[in-house]
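Participant: Work out the full structure, taking the sequences as your base and the hints as a guide.
Protein chains in written order, with the working numbering: chain A, -1 to 350; chain B, 88 to 435; chain C, 34 to 408.
Possibly wrong hints are sitting among the right ones.
Subject to a maximum C-alpha distance of 30 Å in a straight line, what follows is the list of computed BS3-like cross-link-like pairs (lysine-lysine) [unchecked claim]:
{"no.": "1", "chain 1": "C", "residue 1": "LYS277", "chain 2": "A", "residue 2": "LYS305"}
{"no.": "2", "chain 1": "C", "residue 1": "LYS168", "chain 2": "A", "residue 2": "LYS305"}
{"no.": "3", "chain 1": "B", "residue 1": "LYS230", "chain 2": "A", "residue 2": "LYS305"}
{"no.": "4", "chain 1": "A", "residue 1": "LYS305", "chain 2": "C", "residue 2": "LYS127"}
These aren't lab readings, by the way, just hints derived from the structure by calculation. This structure is a prediction, so every number in the text was calculated from the model and none was measured.
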Amino acid sequence: MNISSFIRRSNMRIEQLRELALLFIIILIVLFFGSQIPRYFTGTTFERVGVNVSIIVVVAVGMTLVVLTRNIDLSVGSTVGLIAFVVGQQLSDHHNLSPVLAVLLAIGIGTLLGMLNGLIVAFGKVPAIVTTLGTLAIYRGLLFAYANSTSIHTQNLPGWIIDLPRVKVLTIGDLNITFLVATAIVIVVIFQLALIYLPSARRLYAIGSDPETALTSGIPQRRLVFFAFTICGALAGLGGFMYLAQIGTITTVAAQGLELEVVAAVVLGGVSTLGGTGRVIGALLGAVLVGIIEQGLVRMQFNEFWKQAIEGLAILIAVVSDSALRTRLRISLSHNQAMPISTETEKAGPTL
Amino acid sequence: MKAITRANWLKSWEFLLFVVFVGVIILNVSLSPFFLGLDNLVNVLQLSVETIMIGLIMTLIIINGEIDLSVAAVMGLCATAFGLLYQNGTPLPLAALLTLGLGLLCGAFNGLWIAYMGLPSLVVTLAGLVGYRGLAYVLLEDKSVTNFPDEFSALGQHNLPGLPIPATLILFAFLFIIFFIVLHYSAFGRYVYVVGNNKTAARFAGVNVRRVKMILFTVSGFMSALAALVYAARVGTVRPNVANGLELDIITIVLLGGVSIFGGSGTLIGVGLSMLTVLSFRNGMTLANISGSVQTSVIGVLLILSVLLPNLFQEVQTRWRQRHYSEQQVQAGKERDVETKQPSDVTP
Amino acid sequence: MTSRIFRFASAGLVLVTLVALSVASPSGTLAQSGTPAATMSGPIATAQPGQNVSLTLLPKQLGNAVFDEASSGAQEAATELKSTGKYQMVGTDKADVPGQIGFIKNLTTQGVNVIAISANDADAVVPALKDARAKNIKVVGWDSPPSKDGRDIFISQVDFSFAGPVMADMALHILGADGGKFAILSATADAANQNIWIKSLKDILKADPKYAKLNLVDTVYGNDDAAKSYTEAQGLVDKYPDLKLIMAPTTVGIAAAAKAMQDGNMCDKVKVSGLGLSNEMASYARNGCAPEFALWSFKDLGYLTYYTGYLLATGAIKGVAGENFTAGRLGNYTIQKDKDGGLFVLLGPFTVFNKDNIDKYAPLPAATMAATAAK
Chain A
-1 MNISSFIRRS NMRIEQLREL ALLFIIILIV LFFGSQIPRY FTGTTFERVG VNVSIIVVVA
59 VGMTLVVLTR NIDLSVGSTV GLIAFVVGQQ LSDHHNLSPV LAVLLAIGIG TLLGMLNGLI
119 VAFGKVPAIV TTLGTLAIYR GLLFAYANST SIHTQNLPGW IIDLPRVKVL TIGDLNITFL
179 VATAIVIVVI FQLALIYLPS ARRLYAIGSD PETALTSGIP QRRLVFFAFT ICGALAGLGG
239 FMYLAQIGTI TTVAAQGLEL EVVAAVVLGG VSTLGGTGRV IGALLGAVLV GIIEQGLVRM
299 QFNEFWKQAI EGLAILIAVV SDSALRTRLR ISLSHNQAMP ISTETEKAGP TL
Chain B
88 MKAITRANWL KSWEFLLFVV FVGVIILNVS LSPFFLGLDN LVNVLQLSVE TIMIGLIMTL
148 IIINGEIDLS VAAVMGLCAT AFGLLYQNGT PLPLAALLTL GLGLLCGAFN GLWIAYMGLP
208 SLVVTLAGLV GYRGLAYVLL EDKSVTNFPD EFSALGQHNL PGLPIPATLI LFAFLFIIFF
268 IVLHYSAFGR YVYVVGNNKT AARFAGVNVR RVKMILFTVS GFMSALAALV YAARVGTVRP
328 NVANGLELDI ITIVLLGGVS IFGGSGTLIG VGLSMLTVLS FRNGMTLANI SGSVQTSVIG
388 VLLILSVLLP NLFQEVQTRW RQRHYSEQQV QAGKERDVET KQPSDVTP
Chain C
34 MTSRIFRFAS AGLVLVTLVA LSVASPSGTL AQSGTPAATM SGPIATAQPG QNVSLTLLPK
94 QLGNAVFDEA SSGAQEAATE LKSTGKYQMV GTDKADVPGQ IGFIKNLTTQ GVNVIAISAN
154 DADAVVPALK DARAKNIKVV GWDSPPSKDG RDIFISQVDF SFAGPVMADM ALHILGADGG
214 KFAILSATAD AANQNIWIKS LKDILKADPK YAKLNLVDTV YGNDDAAKSY TEAQGLVDKY
274 PDLKLIMAPT TVGIAAAAKA MQDGNMCDKV KVSGLGLSNE MASYARNGCA PEFALWSFKD
334 LGYLTYYTGY LLATGAIKGV AGENFTAGRL GNYTIQKDKD GGLFVLLGPF TVFNKDNIDK
394 YAPLPAATMA ATAAK
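Facilitator: Written out as structure tokens, the structure reads:
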């Protein structure tokens, strides 16, 4: 049975196939590590990966929305750092600031920063890579200016935020799901459902897939791209709050380089940088894969200098296999349905 | 590729850059009396010589509609390999040759996936960015190599006997001339533009698109390796984290030079002016003791404005025409503008 | 529609700018550490106040709390000496070697009197510094010194070879007579200071039998990144289930490790120690996650660096071994020569912080006190 008939028979979308493959790879890797590392299959491992990955997952969900529209947001690292610091400062100065307000402040600032990106990209028509390269520098500069040679210390923060990473939401036997991990899971579920059921969310796929056609078919492209960036900023804001809770001591170089990890997770998860394909679940799986590899390497007493090299290789393999998969599918499906193969720059796969 | 006639030069990006450049010089002179000293003027370029070297090939790559995020990582890897080879007794010239070869290999590897497998360059070179840097760490781990021979370091640090400029700048000038001739006066240069404008049309017109891309990425690897050698001579110490993050600076300078991220337009003159402008600007700010992060933010703002302002201006112009002219004239105006500006604004 | 968005967005921009500009920096003054003893022979040079000495502090990078402290100390000295020359701190925003070289060259062009540098790479900066010295600029190294050819003198915060014994003693104190397993969480793998300190620790562990029961099982690197250090600390605990102590000779690493242990409820089993800033580690000293850790006063380091630079630039001292001088409130110092011929001045001994003395160095801020009182 070849892939195309398998897909048609099971009514599966191409992304689901990709994600299944990713899940399969994750299982393989977990089994491998389990055989090499004693005490691997315990709740601790899950907790470790969960904690390390939850911030990236939250930001990656936002990044997915942006990448779906054939854009990118490189400023998320600076956004996370800036918000972690600002919220940390406000909490240090005003201990009676309620947690809800603190979270709202984080999301609010993130929303504003995301809106600025969205304005420039959607309405100023500046390409996303240029815009967010610029805002990456500008937001980091704002952080330097705001911090004015100080940093946030745990002794100044109210107890509840320091203890937040310890708060358990659910305990299943050996497995503890902490608040931060639960937040990440909830965000993934919300946005995954939104992308499936909300019509305006689904239009994001159309924009990324074929911008010209989307425009002529009346999709309010600029508004939707603006919203994508806004939500990406809001989620980065939430990520900033989570970063503050987890790390505690915030300096001006906080979260530097986070954007690359998030893009890597998104790409590994099957969200194509050409737009139009990929799901939030994919980004989650991508982040989990990187987290598991990193966690396994740390525990295996592996020469940790190999970690980055392996990560690069993994991204390459993911992209190659993505491309190969899509090309084969496109060709075999078009043979069966007499659909013309497009010779333009790679489209995001057949419209099923 | 558009012909730069005298008529449209005044409207062009290059002219705007030139005006900004003059403005920056004036600003710098007023901010600090030290700016115009010969030593300082040499420093403007010398301190970033690796950036501008790689910027030359990056210009061609972006005009070609691609991007190479891995240049700094390849530079780091080559610097590390060079140091390691030398430390283990390889004679310096041989080590240098092997390093250049390594750069070629890395570039070719990138090119393989991008040119022949058709993968998007953003993600392939993103993988390279992470992967090559990782390899650099595997090679040298936590150590560094420092004791290069004096003659080698002199090449990077001191002026050539009798001349007021160091050897590295002469090398750069030489490279600039070569790239300029190739891009603007050779067939290959025309292919670079054409492929960047429309890959499919180029292929149907008989251009070997794959070969063009392969060559560009291979040369990119080579230039990164060359920059690594220059760095080793100039700074005298190599570690795995050499040139960390340099790719952003390089891309910023190229984009500010008027090269469209969509491909198909831009000139080396523009990029050359951008190099002078950005580096003078940074130098001036450093002389005025403005901190690094402010400098970077300002450049970020400039980068955005460089695309935003022309777009807004264009928008205003169109709307003004719509109110005052007939539809025909508006359309004609738009067509005229398309020739002198960046391509389609349909895609966000 | 578009205009609505623009209005909304510009309001938002104003808000963001206001938030960013409302600088409310908490004051963090480190208490002074002890005064160094001195039995001096020979004349003791003193500084002539009011002279025109321009000094620039050039740390490894900006935005790092320890360097900001050093700068405040240098500023204090400048004010005390009533220097009419300009004091400033400049630097790159990442710890970047060519960038720092660029600053050295630019400072040389400007002709400052003293460059006080904490170098990202001891050797790479030497050629540029030599050029500066050729133009009669004094170069004072501090924290992370350039190699001896590039500097006139190095203000050594502590005797680096004491780092090992101090850390070993803290480990012994925390682990007790029965000893146990401990691991090191360092900064970047190529960090010069950390590598020197770790080597001195390993040397003394081997050499002195009283540390025989201390078992160093591993050394990992957090790259001076908070998130990575956090992960590495967790990894250590997972790898070695009977690990009792994480020793982190880096302010970023120790704070991250302490948070990681606290978040994982491991503070009873695994303690954290090393080199940490008193105000960053204060909460962990109080709650027992980091019962002991050490550092020196960066503020004093900056203060002494300024004084030494001033004395050199005004010719009050020539910068040769054996010279004595007075540095304001810190007392008297002597220039010494170390094994490789480089000149240095020793600031003083380590200060060991624990919950008994932490309040002196990092008093609880008013907001926290009010909150605790209200409970």
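Participant: Compare the structure with each hint and give your call.
Facilitator: Hint check results:
no.	hint	in the structure
1	LYS277/C x LYS305/A	holds, 27 Å
2	LYS168/C x LYS305/A	violated, 46 Å
3	LYS230/B x LYS305/A	holds, 17 Å
4	LYS305/A x LYS127/C	holds, 23 Å
Hint 2 from the earlier list is the only one contradicted by this structure; the remaining hints agree with it.
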